[in-house]
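Read top to bottom, the protein sequences are chains A and B. Sequential numbering of the first sequence, starting at 0, is according to numbering that gives the first Met the number 0. Sequential numbering of the second sequence, starting at 0, is according to numbering that gives the first Met the number 0.
Calculated from the structure, these hints are not laboratory results. A couple of the hints might just be wrong.
Repeated chains share a single entry, so a pair holds when one copy, or any two copies, can fit it.
To be verified - Keeping only pairs whose Cα atoms sit at most 25 Å apart, straight-line, the calculated PhoX-like set for lysine-lysine is:
1. Lys-436 x Lys-6
2. Lys-592 x Lys-509
3. Lys-72 x Lys-651
4. Lys-524 x Lys-329
5. Lys-329 x Lys-499
6. Lys-509 x Lys-329
7. Lys-436 x Lys-592
8. Lys-17 x Lys-6
9. Lys-615 x Lys-72
10. Lys-524 x Lys-592
11. Lys-72 x Lys-654
12. Lys-592 x Lys-499
13. Lys-348 x Lys-615
14. Lys-524 x Lys-436
15. Lys-436 x Lys-72
16. Lys-72 x Lys-659
17. Lys-6 x Lys-329
18. Lys-524 x Lys-442
19. Lys-509 x Lys-442
20. Lys-541 x Lys-509
Number of protein chains: 2
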Amino acid sequence: MNADILKERQNATFDVEKLTNILDGGPEFTTRRREIESMVLNDPDFMEEDPNFLSRSERYDQAVRKSAQMILKLREYGIADPEEIYCYKSTVHLGKPEPLDLHLGMFLPTLLNQANQEQMDRFFMPSWNLEIIGTYAQTEMGHGTHLRGLETTATYDPATQEFVLNSPTVSSIKWWPGGLGKTSNHAIVLAQLYTQGNCHGLHAFIVPIRDMNTHVPLPGIVVGDIGPKFGFDEIDNGYLKMENVRIPRENMLMKYAKVEPDGTYMKPPSTKLTYGTMVFIRSMIVGESARALSKACTIAIRYSAVRHQSEIRPGEPEPQILDFQTQQYKLFPLLATAYAFIFVGQYMKNTYSRISGDINQGDFSELPELHALSAGLKAFTTWTANAAIEVCRMSCGGHGYSRSSGLPDLYVNFTPTCTYEGENTVMMLQTARYLVKSYQQAKAGQQLSGIVSYLNEADHRRVQPQPVSARPTVVDINDLASLVEIYKLRAAILVGMAAKSIQQELQHRKNQADAWNNSAIDLVKASDAHCHYVVVKLFTDKLGEIGDTAVHSVVSSLALLYALHGITVNSGDFLQAGLLSVPQVLQISIRIKELLSQLRPNAVALVDSFDIHNKKLNSVLGRYDGNVYENMFEWARRSPLNATEVHESFHKYLKPLRSKL
Amino acid sequence: MNADILKERQNATFDVEKLTNILDGGPEFTTRRREIESMVLNDPDFMEEDPNFLSRSERYDQAVRKSAQMILKLREYGIADPEEIYCYKSTVHLGKPEPLDLHLGMFLPTLLNQANQEQMDRFFMPSWNLEIIGTYAQTEMGHGTHLRGLETTATYDPATQEFVLNSPTVSSIKWWPGGLGKTSNHAIVLAQLYTQGNCHGLHAFIVPIRDMNTHVPLPGIVVGDIGPKFGFDEIDNGYLKMENVRIPRENMLMKYAKVEPDGTYMKPPSTKLTYGTMVFIRSMIVGESARALSKACTIAIRYSAVRHQSEIRPGEPEPQILDFQTQQYKLFPLLATAYAFIFVGQYMKNTYSRISGDINQGDFSELPELHALSAGLKAFTTWTANAAIEVCRMSCGGHGYSRSSGLPDLYVNFTPTCTYEGENTVMMLQTARYLVKSYQQAKAGQQLSGIVSYLNEADHRRVQPQPVSARPTVVDINDLASLVEIYKLRAAILVGMAAKSIQQELQHRKNQADAWNNSAIDLVKASDAHCHYVVVKLFTDKLGEIGDTAVHSVVSSLALLYALHGITVNSGDFLQAGLLSVPQVLQISIRIKELLSQLRPNAVALVDSFDIHNKKLNSVLGRYDGNVYENMFEWARRSPLNATEVHESFHKYLKPLRSKL
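Chain A on its own, in the form it takes in the complex:
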């Protein structure tokens, strides 16, 4: 073990294991997680070549191999709990996406939710046994966000009792679905349903796309890989173009909506049925943000404890770079953010499972709030974590740029969360719609409940920016409850300002739609402030659940740093609204510096508490033992460019050049 990192661990003021247990949700979960991780990591069938040294085709090949093994082993070991499956799977694929993701995560669940009994009989077991491998083909080249705009058509032909599927334009080609390019032999295709001359909007159809035996594309199907991306090298995101592809009537998923043999269309009883899945996935992405950021912080903070550079005091040995105030200021607020997001992720998961019971009973009353919250927090946490991973990478200097650091791969595989499952700006605007609606209800005298209830309290005089001098300041910058309060007031004020902007636009003879669009900047800002408030509040609430004094103390410092740092970054809002005075903002800057020093001795222990296995971290810089340089050299020597001492380009181009000059 590297001497510096050993010393860091000896200096920690709290018991790492206790904090790990809190993050896992209890010691029994820590134990079980580690059991599952070692099942995978000690299993020779999951040994792999470093993907950094493979071509994309080889990376895909390796991922398919591991996915196939994974299916076998999950059944062999009888792992069936969704959380445990998730843990097993993310260990097998080291946090990366994998070619069967959509089969397991979308194709099978969609069958379960939307297939009728006859369809279950026909499709479920073959899919469960991977004879059928499916994907979920929704997005098209020309359409992602706006589902109503999708162009693929499924036209019913009563003569043969078949649907005829077509991609009528280039922009209608299905584009992006994971596993579509090479892996799947079936797809659930979302298409505009036409029957008896009418369009009935989007419906889902099971379309065979490749021969079950030869895997060759079927007639009328043009299918393939959409080409290399920023990351997701393991995934064959694909395209699908259909020309008069006929499928039996019974291949439309008909648990709810139906088309009768004669072509008569029957509406589904409710449109809210698919709503829950979307909310669930977005809630889960909050947890993804926490995990990705935890990894990035682990790498950057451990490396900063090992790396020595420059000087603070002339003549003394080079200090650990973690001793530079600027390095602490880059990393510790992000560390605090990682903790915040873990707790928010736990909250979202718990809330979802609480509400999903109600949903199954047909009670959708809490769904709109959870929908608004999950949309906003998905955007808030992914944007934050996305930028933060890059800060972590760059805080590692040049070596962060090497793939051996693990940070480039972490970034490129995380960054799509900002776009998929609801583009972030669109998400923020959806949350804003809920906030503005709630605000208007409160203003109209209705009593709001739930997380937006602060819009009741909002003294409407107050929802106006005003100079500091006009308002007495009673905020205690060291008291989290007090800080939660001003985050709340900031959110209330910004929601009010967005609503006011819409009002003003309407007065300028704009229609409702243009007024909304012309207020979009304010609306996004309001959503952002709302989410920020929720995160600070949930982080603060969590402290009440931590019994151990030493752990409580260090996590409280993190929570305070999170809240105060967020204020300095947005100090304009707090000053503008008169929620803080100028001297308070200055005090906060000083208090942040104190918190950085205070957290310094526990920094390594705080990332150790995430308990991310070396193999899952997959980073030379972030190794638990801190032996960075030897391992970096060893890694580099395995680079494919070093397979030969002399690269062929010397003989082909450089040596011949001499005689020509």
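With chain A held as given, fit chain B onto it using these hints.
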């Protein structure tokens, strides 16, 4: 041509060509640039395979081929002007780095600057004719920023009149130099010089590393590629480990410092001689930031004009996404930033050439200011452009994530500028050192000149945050001169606050070094504000040079947007310092929305003015003709994963899986 983008061009209110000429520095430069570009782009010898579809070894191979061709052609066509060489080279390599970069940009110039006549005779012509291919090996695995910490040793042995070079530790292995891994047969190695028992610090040595004929590494040399990185796939960044490598005494670069045959060391006359090159490179990086950001804006804005999605007004066709206020708010401030950085880049280039004459005459008087400015602006512009490229990418939704967009490649090849040639935080602190020193001189009554002269004016009472009410506000938010003034005051105040923080730390019994480190957050903030002021000022100054009314009008809107947007992002500073009142900050938000609408019709024309050739842009989304979807489909079909209809992994893993389940 796509109908939307055609309409955009028809709606522009100014003459694109006139603005292009301004960006190029005059119509004659536009003409010559286009001449050079077409020489390359029409030359079949520079045809290439899409690097996105190649392995790293193939990308390196292709780059070496093009570099060799480039050397031949530059001589054939007699292109010798540095700007024209730069233009030719960046067209050949489409803006990407190339394997001979260090040979041409560091090895040859270092010979010219630091070799004595005998060494010139021995090394220059072979290097000019690429028999010798060299690199510049400075950074080590354990040392980048802090040169004094480098560990490589060159020990003089008077018995044989040789230097003995060693890499005494793992961390001393030379690491990162471009072209070191595979391309070079020589390296200029920076090492600690030991002679007669004393260490005389870093000196440069010419070390042969590979056999001139076979290209095999020489005895005692361990050399290779450091492995895959985030980007820079074309470059063999390398490692070099030396074990008792002996080179003749005459291989130490001895134009200034010398070691006599008996081992007597003779100091160089001045230490400032290598200072200029560093300043030059950092100044050039400002221009790189502008170019990279211009490309990203071109791609994102053209695509946003072509892409239709969602709805603003219900029932109407899907609007161009450029009509969403949120999209404008993402992209137009970045477009304004690209323009700002182009003008700052021009200023830095001109200032450098003005001063470099003086430097050659031994007059270093203006160098410290330029050094401070280039360090800070290097950091300011690269950080800004770096984050901005990612905003542009994500503003293109899912398709931005495809390598066909060109944005991933742009990002990964640009982002190292934040780290190399001076890590950005270190750069900001260097600038801060100059600012604080200047501030203290001004406070001591000395009259400052040059760009920091505002620290003279700074009314020292004023360099204190104070509530708005205490100060009358006379700022006109529509007047750029007025905005330059408050940016200047903000910088002065933040420099003053940083100086005050150091003072306060010293009073708490801290020594100077710790006081500095404990004020580092404030120092970086001060540097950032200084750079921001300089950029706003230079952008505003530039407007005076634009004669054409229509062009002047649109560029003025950009300048105003740049200045106002910077204020809202940092509104806390302006409010805290009492430079703006709360109502003014609100007015600014409204004014920004107006500017977005005002710039909307010219957005496409403003990126057209950058005049970036399709092949240099290398983006399906950013194509000049706007025909995005057809070309995306065509591009995808060429993906290597589509070389076969059925990937072998189906037969190897997926089909066999069925029988096991």
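Results for each hint:
Taking the closest pair of Cα atoms, Lys-436 and Lys-6 never come within 25 Å of each other, the shortest separation being 54 Å inside a single copy and 37 Å across copies. With identical chains, the CA atoms of Lys-592 and Lys-509 are at most 25 Å apart between copies only, with a shortest distance of 15 Å across copies and 48 Å within one. In this homomeric assembly, Lys-72 and Lys-651 come within 25 Å of each other (Cα to Cα) only across copies, at 17 Å, whereas the closest approach inside a single copy is 49 Å. For a Cα distance limit of 25 Å, the shortest separation of Lys-524 from Lys-329 qualifies both inside one copy, at 24 Å, and across copies, at 13 Å.
For the homomeric pair Lys-329 and Lys-499, the shortest alpha-carbon distance between copies (22 Å) is at most 25 Å, but the shortest distance inside one copy (36 Å) is not. For the homomeric pair Lys-509 and Lys-329, the shortest alpha-carbon distance between copies (23 Å) is at most 25 Å, but the shortest distance inside one copy (44 Å) is not. In this assembly of identical chains, Lys-436 and Lys-592 lie within 25 Å of each other by CA distance solely across copies; the values are 23 Å between and 40 Å within a copy. For the identical chains of this complex, Lys-17 and Lys-6 are intra-copy neighbours only, at 20 Å inside a copy versus 64 Å across copies, given an alpha-carbon limit of 25 Å.
Taking the closest pair of Cα atoms, Lys-615 and Lys-72 come within 25 Å of each other only inside a single copy of the chain (19 Å); across copies the shortest separation is 49 Å, beyond that limit. In this assembly of identical chains, the alpha carbons of Lys-524 and Lys-592 lie at most 25 Å apart only when taken from different copies (14 Å versus 27 Å within one copy). Taking CA atoms no more than 25 Å apart as the test, Lys-72 paired with Lys-654 passes between copies only; the shortest distance there is 17 Å, against 54 Å inside one copy. For the homomeric pair Lys-592 and Lys-499, the shortest alpha-carbon distance between copies (15 Å) is at most 25 Å, but the shortest distance inside one copy (38 Å) is not.
With identical chains, the CA atoms of Lys-348 and Lys-615 are at most 25 Å apart within one copy only, with a shortest distance of 23 Å there and 47 Å across copies. When the C-alpha separation of Lys-524 and Lys-436 is checked against a cutoff of 25 Å, the pair qualifies only within one copy, where the shortest distance is 16 Å, while the shortest distance between copies is 39 Å. Taking the shortest alpha-carbon separations for Lys-436 and Lys-72, neither the intra-copy value of 49 Å nor the inter-copy value of 66 Å comes in at or below 25 Å. For the identical chains of this complex, Lys-72 and Lys-659 are inter-copy neighbours only, at 11 Å across copies versus 61 Å inside a copy, given an alpha-carbon limit of 25 Å.
In the homo-oligomer, the alpha carbons of Lys-6 and Lys-329 lie at most 25 Å apart inside one protomer (22 Å), although the nearest pairing across protomers, at 45 Å, exceeds that limit. Taking the shortest alpha-carbon separations for Lys-524 and Lys-442, only the intra-copy value of 20 Å comes in at or below 25 Å, while the best inter-copy value is 41 Å. Taking CA atoms no more than 25 Å apart as the test, Lys-509 paired with Lys-442 passes inside one copy only; the shortest distance there is 22 Å, against 55 Å between copies. Neither within a single protomer nor between protomers do Lys-541 and Lys-509 lie at most 25 Å apart by alpha-carbon distance, with minima of 45 Å and 37 Å respectively.
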